[in-house]
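Chain A is fixed; fit chains B, C and D onto it per the hints.
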Amino acid sequence: MAEFIFWIIWVLIIASAALVAFGNNLIHSVFALMGTFLGVAGIYIFLNADFLAVTQIVVYVGGILVLLVFGIMLTNQITTARISQSSVQKGLGVLVVLGLLTIILTAVLPHDWVGSITPMAFNETVEGIGRLLFTDYLILFEIASVLLLGALIGAATLARKEL
Amino acid sequence: MIQSLANWILSFDILAGMGNPVAWGLSLFVVSALIFVFVALNAIVLVYIERKVSAFMQVRLGPMRVGKFGSLQTVADALKLLQKEDIIPQMADKILFVIGPWVILVASVVTFAAIPFSDTLLAANMNIGLFYVVSISSIVVLGIVMAGWASNNKWSLYGAMRSAAQIISYEIPVGITLIAVVAVVGSLNLQTIVIAQGGTGNLFHWIPIPLPNWFVFHDPFLFLAAFIYLTGATAEINRTPFDIPESESELVAGFMTEFSGLRWALFFLSEYANATLVAFLVSIIFLGGWQSPFSTYGGAQVGFSILTLLAIMWTVFVKIKAKRLSIFPVGLSLVITLCAWLFPGFALWLASPGLFWMLLKVASIIFLLMWFRWTFPRLRVDQLMYVSWKVILPISLINLMGVAVWMWLTGEIQF
Amino acid sequence: MGRLHAEEMVLNMGPQHPSTHGVLRLKLRTDGEIVSHIEPVIGYLHRSFEKHAENLEYQMVTPFTGRCDYLGAMGSEHGYAMAVEKMMGIELPERVEYLRVIFAELQRIASHLVALGTFGLDVGAITPFIYCFRERELILDLFEMASGARLLYNYIWIGGLAHDIPPGFVEKTYEFLDAFDKHVAEYNQILTGNKIFIERAADIGVMTPEIAINYGVTGPSLRASGVNIDIRRTQPYSIYDRFDFDVPLGEGIHGTVGDSWDRYYVRVLEMKESAKIVRQALDQLPVEGDVKSAIPRRIRPPKGEIYFRSENPRGELGYYIVSDGKNVPLRLKMRSPAFSNLSVINEIGQGFMISDVIAILGSLDIVLGEIDR
Amino acid sequence: MKEQEIYADLSAKFGDKIIEFVEEETLNPTVIVKPAALDEICNYLKDSEDLQFDSLMNLAGHDADGESDLSVIYHLYSTSIKHYITLKTFASRDTPAVKSIAKIYRTADWHEREAYDLYGIIFEGHPDLKRILMEEDWEGYPLRKDYVAAEFYRGMRIEKVK
Chain A
893 MAEFIFWIIW VLIIASAALV AFGNNLIHSV FALMGTFLGV AGIYIFLNAD
943 FLAVTQIVVY VGGILVLLVF GIMLTNQITT ARISQSSVQK GLGVLVVLGL
993 LTIILTAVLP HDWVGSITPM AFNETVEGIG RLLFTDYLIL FEIASVLLLG
1043 ALIGAATLAR KEL
Chain B
81 MIQSLANWIL SFDILAGMGN PVAWGLSLFV VSALIFVFVA LNAIVLVYIE
131 RKVSAFMQVR LGPMRVGKFG SLQTVADALK LLQKEDIIPQ MADKILFVIG
181 PWVILVASVV TFAAIPFSDT LLAANMNIGL FYVVSISSIV VLGIVMAGWA
231 SNNKWSLYGA MRSAAQIISY EIPVGITLIA VVAVVGSLNL QTIVIAQGGT
281 GNLFHWIPIP LPNWFVFHDP FLFLAAFIYL TGATAEINRT PFDIPESESE
331 LVAGFMTEFS GLRWALFFLS EYANATLVAF LVSIIFLGGW QSPFSTYGGA
381 QVGFSILTLL AIMWTVFVKI KAKRLSIFPV GLSLVITLCA WLFPGFALWL
431 ASPGLFWMLL KVASIIFLLM WFRWTFPRLR VDQLMYVSWK VILPISLINL
481 MGVAVWMWLT GEIQF
Chain C
66 MGRLHAEEMV LNMGPQHPST HGVLRLKLRT DGEIVSHIEP VIGYLHRSFE
116 KHAENLEYQM VTPFTGRCDY LGAMGSEHGY AMAVEKMMGI ELPERVEYLR
166 VIFAELQRIA SHLVALGTFG LDVGAITPFI YCFRERELIL DLFEMASGAR
216 LLYNYIWIGG LAHDIPPGFV EKTYEFLDAF DKHVAEYNQI LTGNKIFIER
266 AADIGVMTPE IAINYGVTGP SLRASGVNID IRRTQPYSIY DRFDFDVPLG
316 EGIHGTVGDS WDRYYVRVLE MKESAKIVRQ ALDQLPVEGD VKSAIPRRIR
366 PPKGEIYFRS ENPRGELGYY IVSDGKNVPL RLKMRSPAFS NLSVINEIGQ
416 GFMISDVIAI LGSLDIVLGE IDR
Chain D
522 MKEQEIYADL SAKFGDKIIE FVEEETLNPT VIVKPAALDE ICNYLKDSED
572 LQFDSLMNLA GHDADGESDL SVIYHLYSTS IKHYITLKTF ASRDTPAVKS
622 IAKIYRTADW HEREAYDLYG IIFEGHPDLK RILMEEDWEG YPLRKDYVAA
672 EFYRGMRIEK VK
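Chains as they are written, first to last, in the working numbering: chain A, 893 to 1055; chain B, 81 to 495; chain C, 66 to 438; chain D, 522 to 683.
Please keep in mind that the hints were generated in silico from the structure rather than gathered at the bench.
Nothing here was measured: the structure is a model prediction, and the numbers come from that model.
Even glycine gets a Cβ: it sits at the ideal position worked out from N, Cα and C.
Be aware that a few hints might be false.
Covered stretches of chain B (in silico footprint by chain A; criterion: 3 or more residues with CB under 8 Å from a CB of chain A, positions within the stretch not fixed) [stated by the list, open to error]:
hint: 1; stretch: 202-213
hint: 2; stretch: 222-232
hint: 3; stretch: 236-249
hint: 4; stretch: 465-474
Heads up, simulated DSS-like pairs for lysine-lysine below, C-alpha to C-alpha not over 25 Å straight-line [claimed, not checked]:
hint: 5; chain 1: B; residue 1: LYS470; chain 2: C; residue 2: LYS260
hint: 6; chain 1: C; residue 1: LYS391; chain 2: D; residue 2: LYS681
hint: 7; chain 1: C; residue 1: LYS368; chain 2: D; residue 2: LYS666
hint: 8; chain 1: B; residue 1: LYS401; chain 2: C; residue 2: LYS247
hint: 9; chain 1: D; residue 1: LYS603; chain 2: C; residue 2: LYS151
hint: 10; chain 1: D; residue 1: LYS666; chain 2: C; residue 2: LYS391
hint: 11; chain 1: D; residue 1: LYS609; chain 2: C; residue 2: LYS116
hint: 12; chain 1: D; residue 1: LYS555; chain 2: C; residue 2: LYS368
hint: 13; chain 1: C; residue 1: LYS368; chain 2: D; residue 2: LYS609
hint: 14; chain 1: C; residue 1: LYS116; chain 2: D; residue 2: LYS651
hint: 15; chain 1: D; residue 1: LYS624; chain 2: C; residue 2: LYS92
hint: 16; chain 1: D; residue 1: LYS523; chain 2: C; residue 2: LYS151
hint: 17; chain 1: C; residue 1: LYS368; chain 2: D; residue 2: LYS523
hint: 18; chain 1: C; residue 1: LYS92; chain 2: B; residue 2: LYS234
hint: 19; chain 1: C; residue 1: LYS92; chain 2: D; residue 2: LYS651
Bound conformation, chain A alone (with noise of 0.2 Å):
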């Protein structure tokens, strides 16, 4: 059944990148890019990294597929609802597409993956993250709230009462 399932989000992932990269409607480009990104966040669930793919939705399709599409609805003239792209330099993009190819599967076939996997029981992950951020990665953590905090200054000081 869970194979099942992974298989599924694979073809999923596959179809939504391919949709992404091939597709001449550019909205329909970036709201194929949400199934891709909700896939991955499936792989996710499958490597045991729950925190991590709740993270990803909500970081990618709630805040940054958002930002996509408004950019490309406000740089255009929204009027006319059809935008299409086309791909250029088809060649050269096939080069490095094979290139990159061949530098995955040198890595990655020499490796005997079905003898090595060893199923790993569930642990929560959620507990162990916040204990590293508060101790650890201090630091780091409080620099990012910082950002962050910054951020939601600036958004709150451009929401302006009177436009």
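Just chains B, C and D now, with coordinates in the frame of chain A:
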């Protein structure tokens, strides 16, 4: 719940042969279907209740024709919507137009997987439950933008843009408010949050008024946080006074303008699912979830005595208003209270069913939301942003700090 | 901080839109949510009232006047009847005058109730609308008792009334008046003092007295700007000089004088004044008198022309009638108040948001029937 | 101020641009003026200290019989002094040109459009003179006494008025 259902299926000799994965998959399907049925039925009931509540607030009767007191009206309406012609505007983006409503619906239904209905009734006991609910409901924005964009209608696009801006703005203060609660419990698991609110204690720890250990009574900051959360959540689910994205007097119907028939019904379904979700979250996080307010010996008897008092008041009210005597509720509650005082164990048993208390709390919150809707005018879009960024956000940040300081003062945490 | 200017978009509000109060189309030029230009497009409800009037005898025109301002039909009929009566020099029985004032003022209350309710609806408050309609229903019941109709009455005839009031009418009217003050307090509770409502209406669409007068805005909308002009006072017609009533003016309690909130609140106060007038008229109502005695057998005003104005719920309702001595008017022009009131919207609505334009439109209280005629 | 005095004042100021003063029992006291001088007269009426006619109550087109000149009638009112005057002007049937006062009294904007719509009177200097009540592509001016409706409008039969 999925695993226990699978185990239960496998415990039958005839079915044991199907093996664990199949049984597990079957249980998964059954539980998902149950959640969906709950959401669908919930919407049908809530639409009826909303119409009745609004009618009573507006000195009219509401639906009266279909069924007793119009109780089948929404069923009839749902059937009508199912039969309607499936219209997709010619200039619409057909793919997104079709997907949009489903994205919204799925996002709002899936969240119910983490909601504990009672101590045992829970689809998935997730240790990140609260975070899961918050993150999944953020997908709704995309569905709304999708629907609004695909309609290829200026009004729809305005609605979608307003909605996206609104939901994103209110997610931040709502999230910070929730963090305050998480800081008190030390867990994201909704079930743990509910269990942490069992028993009775003093109001705000020191004031000697015995109250249930709900977080709304935990400290003044969480008391305030409950209201902030309710406000922010009302805005997140686009209900009046924050129904700006679909404000029918300005944007016709906002992002729903071009939708009709079944697709429109999906919007409605998810709207009520979201309202219910907010009510569930408020009751789980601040009002003790499925915890009974009278869960202790003595408490139960007091509770039933209060019930009797209410029943007597109701009878007097009916006598004065309708000039007729209805003795039944008083009699019933008197008998129960008497039994409760005589047999304390019985009282405790009667007062403890979690599902009842959970749904009672949810119903009260939903009633509150309806009350808002039928009394307030609507804010303007810039005023809405102002409220979010300049009022609620600073308060929720201070609130978070206040909770931490309070816990340090009361000795719940040490450094 | 400099304003970002996006490309302007033309937005068609209407002719089918829930908040245009009829078939009105507003062509909005918007920059984001900010409206930079408003062009009202009217005429969708044009029913050639004036052309009809030139082909019908004088008494046959009365029903058409009611159909123009369908929310203030009694007022329209009253104005028309008075215009023709003045041309012909008809003296009316006292009872007729009192009854006409009673009906006109009740109509004013009913019309203002619709205005308040729909204004609430425009800013998103649904319940006050139903409350307002509850009271309006009572007034319509009174009208039904007297005339047999609830919306378009054809009750005030040239020279008199269609029928005398039925027995029990006076008592029922008193009953209504006794309950009415309490109801006004209810509106104040649920809408007038509501913080959100004030936020939505105060300082929105401020109309200075100069703009208002120059655009020919009349009625409550003009008085909300602080201009003390009420035709019932400045040029009393019928028997309005006998009654003691105040003319409420906009004071800018929650914002600037002449904003949408003032236009709303002036109507609330005016309803109370109208109730006062009705009560006085009922107290003084002569018991004796035949309401049909002064109706002329043949209505042929002498050659000449007249411009007669009266205070309709929405403002100055003028009839310009030219007679050539026949039984059919040579020319009948209705100067409808909402026609001029609507034309000001571009002036006062610029620079506000789409939601505000709707609030402004609601506060102007237009009826498309009389704008398009 | 009485209408008679206003007339005296106007004729002293504008001379032959004011044609005559009509005062009968069944008639509003009316000053008849030349159509080409209308805007200056209205400017004067509005700005003069003694007159202060700041409000245009009504503007109506009129066609007496279908043969003679068209006329436009203006009813003015002063909100501060509270006096009235009626102006009337005639325009020939074939080339009905009247000076627009839409910039002086904004009320006149829509009222002039209406008079143009229904009588075909051209108001010179109007910012946006187009039909207001009738459809933009309607033929003829319906309130003229010699108006005959077309057979069809966009394929729809127009019913005849008796």
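Now for the hints, and whether the structure bears them out:
1. 202-213: holds (count 5)
2. 222-232: holds (count 5)
3. 236-249: holds (count 5)
4. 465-474: holds (count 7)
5. B:LYS470 / C:LYS260: It holds: about 17 Å lies between the C-alpha atoms, which stays within 25 Å.
6. C:LYS391 / D:LYS681: 23 Å, holds
7. C:LYS368 / D:LYS666: Roughly 18 Å between the alpha carbons, so the hint for LYS368 of chain C and LYS666 of chain D holds.
8. B:LYS401 / C:LYS247: 20 Å, holds
9. D:LYS603 / C:LYS151: 21 Å, holds
10. D:LYS666 / C:LYS391: With Cα atoms ~16 Å apart, LYS666 of chain D and LYS391 of chain C stay inside 25 Å; holds.
11. D:LYS609 / C:LYS116: 21 Å, holds
12. D:LYS555 / C:LYS368: At roughly 24 Å apart (the allowed maximum being 25 Å), LYS368 of chain C and LYS555 of chain D satisfy the hint.
13. C:LYS368 / D:LYS609: With Cα atoms ~17 Å apart, LYS368 of chain C and LYS609 of chain D stay inside 25 Å; holds.
14. C:LYS116 / D:LYS651: 20 Å, holds
15. D:LYS624 / C:LYS92: 22 Å, holds
16. D:LYS523 / C:LYS151: Distance ~21 Å between LYS523 of chain D and LYS151 of chain C Cα, so the pair holds.
17. C:LYS368 / D:LYS523: Holds, at about 24 Å.
18. C:LYS92 / B:LYS234: Satisfied, since the Cα-Cα distance of roughly 13 Å is no more than 25 Å.
19. C:LYS92 / D:LYS651: 16 Å, holds
Taken one by one, the earlier hints all hold for this structure without exception.
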